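**Student:** So the sequences go chain by chain: A and B.
First residue of the first sequence? That's 11 in my numbering, and the numbers climb one at a time after it.
First residue of the second sequence? That's 11 in my numbering, and the numbers climb one at a time after it.
Wrong hints could be hidden among the right ones.
[Stated by the list, open to error] With beta-carbon atoms standing in for the labels, derived distance ranges:
1) B:C41 / A:P146: 49 to 59 Å
2) A:T273 / B:E352: 39 to 49 Å
3) B:P97 / A:S51: 51 to 61 Å
4) B:F289 / A:L331: 17 to 27 Å
5) B:K130 / A:I28: 14 to 24 Å
6) A:E283 / B:K362: 52 to 62 Å
7) A:L331 / B:G63: 31 to 41 Å
8) B:P146 / A:K296: 53 to 63 Å
9) A:I28 / B:K136: 53 to 63 Å
10) A:P288 / B:E315: 38 to 48 Å
11) A:D148 / B:K109: 29 to 39 Å
12) B:P146 / A:T273: 29 to 39 Å
13) B:A54 / A:K296: 48 to 58 Å
14) B:P146 / A:P288: 34 to 44 Å
[As the list claims (entries may be wrong)] Reference listing, derived: stretches of chain B covered by chain A, where coverage requires no fewer than 3 residues with Cβ under 8 Å from a Cβ of chain A:
15) 216-222
16) 245-251
17) 293-301
Just so you know, these hints were derived from the structure itself, not from any lab.
It should be emphasised that the depicted structure is a prediction, and the values quoted were computed from it without experimental measurement.
Idealized CB from N, CA, C, for every residue including glycine.
There are 2 protein chains.
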Amino acid sequence: MAAKQRRMVILTEGQLNIWSAKTAVSVMRYCPDEVACVLDSKAAGQDISKLVGTGKGIPVVATLKEALAFKPNTLLIGIAPVGGHLPKAWKKLLIEALKSGLDLLSGLHEFLNEDPDLAKAAAKAKRKITDVRKPPDDLDCSENIAKNVKAKRVLAVGSDCNIGKMSVMLEMNAEAKRRGWNAEFVATGQTGIIIAGSGMPMDRTISDFTNGAAERLVMERKNREILFVEGQGAIGHPAYSAVTMGLLHGTAPDSMIMCHCPTRKVTRHVPTEIPPLPFLIDLHEKIAGLVCSAKVIGIGLNTFEMSASDAQKEVEKTETLTGLPATDVYRYGAEKLVDAVEKFYGKPKKAK
Amino acid sequence: MAAKQRRMVILTEGQLNIWSAKTAVSVMRYCPDEVACVLDSKAAGQDISKLVGTGKGIPVVATLKEALAFKPNTLLIGIAPVGGHLPKAWKKLLIEALKSGLDLLSGLHEFLNEDPDLAKAAAKAKRKITDVRKPPDDLDCSENIAKNVKAKRVLAVGSDCNIGKMSVMLEMNAEAKRRGWNAEFVATGQTGIIIAGSGMPMDRTISDFTNGAAERLVMERKNREILFVEGQGAIGHPAYSAVTMGLLHGTAPDSMIMCHCPTRKVTRHVPTEIPPLPFLIDLHEKIAGLVCSAKVIGIGLNTFEMSASDAQKEVEKTETLTGLPATDVYRYGAEKLVDAVEKFYGKPKKAK
Numbered sequence: 011m012a013a014k015q016r017r018m019v020i021l022t023e024g025q026l027n028i029w030s031a032k033t034a035v036s037v038m039r040y041c042p043d044e045v046a047c048v049l050d051s052k053a054a055g056q057d058i059s060k061l062v063g064t065g066k067g068i069p070v071v072a073t074l075k076e077a078l079a080f081k082p083n084t085l086l087i088g089i090a091p092v093g094g095h096l097p098k099a100w101k102k103l104l105i106e107a108l109k110s111g112l113d114l115l116s117g118l119h120e121f122l123n124e125d126p127d128l129a130k131a132a133a134k135a136k137r138k139i140t141d142v143r144k145p146p147d148d149l150d151c152s153e154n155i156a157k158n159v160k161a162k163r164v165l166a167v168g169s170d171c172n173i174g175k176m177s178v179m180l181e182m183n184a185e186a187k188r189r190g191w192n193a194e195f196v197a198t199g200q201t202g203i204i205i206a207g208s209g210m211p212m213d214r215t216i217s218d219f220t221n222g223a224a225e226r227l228v229m230e231r232k233n234r235e236i237l238f239v240e241g242q243g244a245i246g247h248p249a250y251s252a253v254t255m256g257l258l259h260g261t262a263p264d265s266m267i268m269c270h271c272p273t274r275k276v277t278r279h280v281p282t283e284i285p286p287l288p289f290l291i292d293l294h295e296k297i298a299g300l301v302c303s304a305k306v307i308g309i310g311l312n313t314f315e316m317s318a319s320d321a322q323k324e325v326e327k328t329e330t331l332t333g334l335p336a337t338d339v340y341r342y343g344a345e346k347l348v349d350a351v352e353k354f355y356g357k358p359k360k361a362k
Numbered sequence: 011m012a013a014k015q016r017r018m019v020i021l022t023e024g025q026l027n028i029w030s031a032k033t034a035v036s037v038m039r040y041c042p043d044e045v046a047c048v049l050d051s052k053a054a055g056q057d058i059s060k061l062v063g064t065g066k067g068i069p070v071v072a073t074l075k076e077a078l079a080f081k082p083n084t085l086l087i088g089i090a091p092v093g094g095h096l097p098k099a100w101k102k103l104l105i106e107a108l109k110s111g112l113d114l115l116s117g118l119h120e121f122l123n124e125d126p127d128l129a130k131a132a133a134k135a136k137r138k139i140t141d142v143r144k145p146p147d148d149l150d151c152s153e154n155i156a157k158n159v160k161a162k163r164v165l166a167v168g169s170d171c172n173i174g175k176m177s178v179m180l181e182m183n184a185e186a187k188r189r190g191w192n193a194e195f196v197a198t199g200q201t202g203i204i205i206a207g208s209g210m211p212m213d214r215t216i217s218d219f220t221n222g223a224a225e226r227l228v229m230e231r232k233n234r235e236i237l238f239v240e241g242q243g244a245i246g247h248p249a250y251s252a253v254t255m256g257l258l259h260g261t262a263p264d265s266m267i268m269c270h271c272p273t274r275k276v277t278r279h280v281p282t283e284i285p286p287l288p289f290l291i292d293l294h295e296k297i298a299g300l301v302c303s304a305k306v307i308g309i310g311l312n313t314f315e316m317s318a319s320d321a322q323k324e325v326e327k328t329e330t331l332t333g334l335p336a337t338d339v340y341r342y343g344a345e346k347l348v349d350a351v352e353k354f355y356g357k358p359k360k361a362k
């Protein structure tokens with residue numbers, strides 16, 4: 011998937027808003043050059059940036075025929091419908107897309123490859139269906155070797171799930187590249203994998219192989235200078251901590267960025283109290299250290315719900331509390347966190 | 011499986027030794043009343059207790075026909091062959107067993123139910139094939155509700171995998187029952203599940219549902235007075251920590267027994283240094299406490315490789331080091347650890 015230059019039509023049919031079309035919005039924000047157009051008969055012709063706050067200039071069209079005029083090679087399912095199932099009405103369109111020469115890219119729970127009609131149409135048209143949520147068949151147990159590679163490993167951890175760990179790593183990766191690092195963002199969840207064009211759906215691995223799946227992500231990228239690994243869940247999240255643990259030990263980070271949302275007091279989906287940051291930082295270092303020594307070197311704050319002045323105060327308060335550099339990458343950019351990376355590891359080999 | 015009284019013929023064909031026939035040995039030790047005979051043409055007629063140190067009086071026979079004379083209703087695969095695959099030569103025998111009215115019980119990686127010939131033979135003979143390693147299809151995320159049940163939850167944790175956590179819980183469960191507790195051993199691995207007749211193969215769950223799978227074990231037994239939950243892996247094991255974490259948060263223990271082998275300096279399978287016990291105890295309490303407050307209340311030592319006097323010294327040394335009661339349940343019984351349980355929770359409702 012990574013080898014071919016993608017040119018995507020993003021299907022959001024009737025759901026082009028920031029909540030339903032989260033995948034579409036993230037892809038438009040982080041891969042604008044790979045988006046040919048959006049297919050949505052309800053929003054056709056509208057200014058997309060006014061609808062979802064990103065994607066300025068990307069055309070919205072009403073039909074597949076119109077979309078094909080923009081010469082896409084891939085159709086991305088841009089929404090996450092309730093239950094993760096493919097709306098029945100869409101299947102006909104997807105078969106048409108395959109017949110028209112498009113590959114399909116999907117993060118749905120329901121695997122498109124397992125639909126006999128779609129699989130048949132893809133085979134006939136010699137097109138590829140990629141279900142990013144499907145893990146490889148040949149995963150195995152971790153051998154504890156990620157810690158031995160030369161690639162530096164920065165892992166996003168957090169005080170909760172859905173707190174912005176992916177965005178922090180994407181922004182840090184972009185900033186590191188600007189400074190000359192041979193860097194790569196390493197995706198561990200569906201949206202990240204669609205953005206990066208590769209990665210591992212960590213939450214769908216067999217538990218015995220969860221650490222091993224994370225390890226593989228590092229081993230496949232061992233010749234990079236530095237890796238920014240997307241986090242998943244949280245060590246303190248009652249439902250997702252197994253996934254988080256596998257990622258933490260499997261990738262064997264030597265540094266971590268702690269992501270935190272100051273306005274959130276309990277964890278999402280399954281509420282439990284979020285402990286104070288200094289406790290969480292110490293705990294993450296102790297747990298990681300069972301396998302590979304690792305330091306939390308900076309704090310990524312999510313101040314989305316705060317005023318500008320409150321956000322600024324929160325940054326200062328967090329830095330005093332933890333003794334670590336803190337910032338909100340959306341408000342202030344990722345410079346401060348990449349400064350922390352360079353303080354910890356030194357400058358890149360080919361610094362710009 | 012639990013409802014019907016099992017009467018098992020254990021198949022070990024040519025591998026009746028304590029290494030290859032670990033499943034057979036554990037079942038003979040903990041469920042002697044459910045074992046009709048052992049089927050092994052190479053060991054037929056021999057004194058089984060001399061071969062594997064347990065199972066005194068259990069007959070070893072050479073053929074299925076002889077085994078049927080002992081009126082079994084189930085055939086248990088008693089070995090774990092390399093790779094977890096069923097030896098080809100055994101299939102014919104298993105089909106014969108089904109035809110003769112036996113259910114099949116297997117902990118192999120390779121699911122017998124997925125072999126078309128075996129599935130067909132089972133359907134025809136109206137017999138059941140149970141693959142204990144296959145998790146239920148309807149697992150889901152944890153809702154963090156195990157902590158709310160009245161059943162007390164004791165979880166075995168450890169400084170490593172393969173350290174005796176299952177045995178410690180089985181012995182504690184038996185001792186608690188003797189004292190009048192309405193207790194249940196909760197199995198989380200293949201051998202434990204075969205012994206208990208129920209449980210959850212924690213290492214084969216989808217990672218997103220690992221915590222939820224552990225939670226289900228508790229919810230299905232919420233009306234018990236006390237649960238002794240078999241541990242899996244170790245928080246500090248580089249390959250298995252995701253499974254351990256899911257079990258720790260999903261079952262929401264209020265007390266833990268730390269299992270430790272003093273002669274082991276690095277973890278098994280994938281070596282990494284084992285930290286000192288006081289550090290591990292504190293770390294387990296902190297990690298568990300993210301979801302539900304839990305105390306380590308005793309130490310289960312594995313002194314298998316030590317002399318009697320060294321073992322005794324180790325018990326005293328461990329108690330001084332940790333301030334907690336310590337014992338080796340195989341050498342000295344589980345009384346001391348169940349005393350610790352009663353000190354922590356009080357006496358059972360119907361104390362004997």
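**Student:** All hints, please: hold or fail.
**Tutor:** Hints, one by one, checked against the model:
1. B:C41 / A:P146: 49 to 59 Å: Since the Cβ atoms of C41 of chain B and P146 of chain A sit about 38 Å apart, the hinted range of 49 to 59 Å is violated.
2. A:T273 / B:E352: 39 to 49 Å: About 45 Å separates the Cβ atoms of T273 of chain A and E352 of chain B, which means 39 to 49 Å holds.
3. B:P97 / A:S51: 51 to 61 Å: holds, 59 Å
4. B:F289 / A:L331: 17 to 27 Å: holds, 25 Å
5. B:K130 / A:I28: 14 to 24 Å: violated, 53 Å
6. A:E283 / B:K362: 52 to 62 Å: Since E283 of chain A and K362 of chain B have Cβ atoms about 40 Å apart, the given range 52 to 62 Å is violated.
7. A:L331 / B:G63: 31 to 41 Å: violated, 58 Å
8. B:P146 / A:K296: 53 to 63 Å: Violated: the Cβ-Cβ distance is about 34 Å, outside 53 to 63 Å.
9. A:I28 / B:K136: 53 to 63 Å: For I28 of chain A and K136 of chain B the Cβ distance comes to about 56 Å; the hint holds.
10. A:P288 / B:E315: 38 to 48 Å: The hint (38 to 48 Å, Cβ to Cβ) holds, given that P288 of chain A and E315 of chain B are roughly 41 Å apart.
11. A:D148 / B:K109: 29 to 39 Å: holds, 36 Å
12. B:P146 / A:T273: 29 to 39 Å: holds, 38 Å
13. B:A54 / A:K296: 48 to 58 Å: holds, 54 Å
14. B:P146 / A:P288: 34 to 44 Å: Given a distance of about 40 Å, which is inside 34 to 44 Å, the answer is holds.
15. 216-222: Our answer is that it holds, as 6 residues pass the Cβ test (under 8 Å) against chain A, meeting three.
16. 245-251: Result for this restraint: holds, n = 6.
17. 293-301: holds (count 5)
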